[in-house]
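Order-wise, the sequence lines are chains A and B. Heads up: the first sequence begins at 93 in the numbering used here, then just goes up one per residue. Heads up: the second sequence begins at 18 in the numbering used here, then just goes up one per residue.
Simulated from the structure, these hints should not be mistaken for laboratory data. Being a predicted model, the structure only gives us computed values, none of them experimental. Accuracy of the hints is not assured; some may be wrong.
[Claimed, not checked] Using 27 Å as the maximum straight-line C-alpha spacing, the simulated DSSO-like pairs for lysine-lysine come out as follows:
#1 A/157 - B/109
#2 B/123 - B/56
#3 B/123 - A/144
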Amino acid sequence: EVQLVESGGGLVQPGGSLRLSCGASGFTFSTFWMTWVRQAPGQGLEWVANIKQDGSEMYYVDSVKGRFTISRDNAKNSLYLQMNSLRAEDTAVYYCVKDHPWGYYDYWGRGTLVTVSS
Amino acid sequence: EIVMTQSPVTLSVSPGEGATLSCRASQSVNSNVAWYQQKPGQAPRLLIYDASSRATGIPARFSASGFGTEFTLTISSLQSEDFAVYSCHQYKRGKTFGQGTKVEIK
């Protein structure tokens, strides 16, 4: 059974940092692209960043470029999102997502809530 | 960026009735559309991929169709566990989602 479990969310002040983690199991983690998707309160889902199987390619939504860094550790079956210079508009539930090779998302975690507020 | 617009925002349905949800893309995405179900506190679940293919384990009461810019998700005879938020997703160019349709009990 595929499982994705996020951790690391919480309350942080504007300008602060957080590191989200996602532990994966039930599939060969190193052979799939992985993605972070977020959902702000009352809003739709938003793609944030994704990373290639070997970590050699990463892509970001414009609003987080230069502030967020996605990474992975295939030996630990883990995905990460380092979030710096956080803003109120980054407040959201962040989901760890497994990419299907055809482009859609076949498995999601339950999410971790990040709240940016003073 | 391809904008996905869902309608209606909220759909009130009685258990046992059917529901039809719509999703419109701002430009053609061929059949590169998926649908997800979201319930509070749970992981979103893939229902449909490639516009009309049911994901593994999804009941036959869920069906979908569409190509290009117009897409539809149909739930026949709603069960209690089907009341949730449904989101469409295009993966033709980049990755964008609709705002979601909440299916609530009437």
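Right, here's what the structure says about each hint:
For the given pair, residue 157 of chain A sits about 22 Å from residue 109 of chain B by alpha-carbon distance, which is consistent with the 27 Å threshold. Between residue 123 of chain B and residue 56 of chain B the alpha-carbon distance is near 17 Å, which keeps this suggested pair within the 27 Å criterion. Simply put, residue 123 of chain B and residue 144 of chain A have alpha-carbon atoms about 44 Å apart, too far for the 27 Å limit, and the pair is violated.
Checked against the numbered hints listed earlier, the structure breaks hint 3 alone; every other hint is satisfied.
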